[in-house]
Amino acid sequence: MADSVWHPTSVPAVPVTTVRWRHSAVVRVTHWITTLSFLALLVTGAEILVSHPRFYWGEAGNVLTPPLFQLPIPASRSTVPTGYDYVLPDQNGWSRYLHFQSAWVAVLTGLLYVVWGLFNGHFRQNLVPARADLSGRGLSSVIAQHLRFRPARADEAWSYNVLQRLTYLLVVFGLFPLVIWTGLAMSPAIAAAVPAAVTVLGGQQSARTIHFFVSVFLVLFLLVHVVMVGLAGFRSRVRAMITGRPATQRERT
Amino acid sequence: MSKISRRKLITTGLAATAGASGLAVAASLARRYGLIPPDGGGLYGPGETLTYAAHRLLTRHSLAREFNRQQISKPPFPNEVAPLSGEFQRLQQGAFAGWRLAVDGMVARPASFSPLELKSFPRHNQITHLACEEGWSYIAEWIGAPLSYILDLVGTLPQARYVVYRSIQSGWWDSIDMADALHPQTLVAHGMNGGELPVAFGGPLRLRVPRQLGYKNVKYLTRLTVTDSLKEFGKGLGSASPEGGYAWYAGI
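The listed protein sequences derive, respectively, from chains A and B. Take 1 as the starting number for the first sequence in this note's numbering and just add one per residue. Take 1001 as the starting number for the second sequence in this note's numbering and just add one per residue.
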């Protein structure tokens, strides 16, 4: 419907200025760019991992070294003893190119999000839990609600509960920085430039092992996140993250 | 329905123009200071360029970590190589006495050296980490002549920007920029863990570039060519690696 048409009587009951935005534009754009780059990092990371599905602790490790553990999967290199009598196709070349390019996208996007969030109070307002919610009683009641799969209350479309807040803070300020750090620590040039970044972790193979576990936690977060979005109302939550509004005008009135 | 205000339009336009011209300035600066890798075009060019440029700006002179003798991997793991050529096997039968390392291109005095001559050059020992792009690694002691010493000996011309290096194995070649070529830890290695460099690890001669991944450390070295451009070599991507799908810069 064209807005320029003059309607003398049907002045909207809610003026435009009071429309509530669930997510700001920066949150929405960085959310989806991060989603895309994370998926690219995940697929290519798994591909690179398949060339050597063994993990070690310390500085060095190879097929002649006892591993910390080995994933029970076939490998894309014949030099790795896997117990399988076939070798997967090797796709490391483009996987590495795409992994590092996506890492740049994820890191720059994350940097923009964190700097913006610190300056405009996004973390303070939307993610840091209220003191009252952090009490034993507050936490246990939210956990009990989750365990009973209670549907989200209507006001939860507009704010995060304490478990969400803590989880998002852990992902933004814990898992992502750690996965970036351990990724950088595997680089020979970065190890040369900032040796402490490697030695603090226990060595370059330790960095690789931690990188793997943090990635597993990020995948777990992704799965739970998508399931929770589904339980809370997939259409409305995804719409809020795309358009900024949880419901269309018609659904709200 | 919110209309786009004129102010917003102007700010967005100005920001876009500033962003675009900023990128153009950055690109021309990057070209001038040699911060664009030879495989910096194409789909993955932006990521490669960001990595290479960031490393060259921030870590040009850093030294690879050196370890103590107790940390040497026992035993180290030599990766597989293609079956060795007939020419290699002939030279191996003569204990590599006939092996030559030719140095040519943009140098004042092209030369060629035998392994014995290279062993008479100043020796550099380093105990460093070699990581394969697949994820595994080992620590070993490498003994060799600094590449910078060899380049000084033949007199590289001022316009030199890269050193292309080749294996006796056909189709196995690579290149590094002068930052890595003149780096004090970059060696033409002829020894390992106190002894001769075993054939499996690249003997008689291997280029050792400790700030890059294993595949930049080409085995069975026969020729170094100093150049100001990589366009004339192979497909112009800097080495056989990008032609096979792998990044030219392997400092990551």
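Hints in this document: simulated from the structure, not taken from any laboratory. All C-beta atoms in this analysis are idealised placements derived from N, C-alpha and C, irrespective of residue type, glycine included. Don't take every hint at face value.
Computed Cβ-Cβ distance ranges for the label pairs, DEER-style [stated by the list, open to error]:
(1) B:S1005 - A:G58: 51 to 61 Å
(2) B:G1244 - A:S140: 39 to 49 Å
(3) A:A196 - B:Q1070: 17 to 27 Å
(4) A:A46 - B:R1100: 36 to 46 Å
To spell it out: a stretch of chain B is covered by chain A in this simulated footprint if at least three of its residues, at any positions, have a beta carbon under 8 Å from a beta carbon of chain A; those stretches are [to be verified]:
(5) 1011-1018
(6) 1026-1032
(7) 1091-1105
(8) 1151-1164
(9) 1207-1217
Going through the hints against the structure:
1. B:S1005 - A:G58: 51 to 61 Å: holds (59 Å)
2. B:G1244 - A:S140: 39 to 49 Å: violated (57 Å)
3. A:A196 - B:Q1070: 17 to 27 Å: Hint holds: Cβ distance 21 Å, inside 17 to 27 Å.
4. A:A46 - B:R1100: 36 to 46 Å: holds (45 Å)
5. 1011-1018: violated (count 0)
6. 1026-1032: Violated: only 0 residues of the stretch 1026-1032 of chain B have a Cβ under 8 Å from chain A.
7. 1091-1105: Violated: only 0 residues of the stretch 1091-1105 of chain B have a Cβ under 8 Å from chain A.
8. 1151-1164: It is violated, with 0 qualifying residues against the three required.
9. 1207-1217: Answer holds; 4 residues pass the 8 Å Cβ test.
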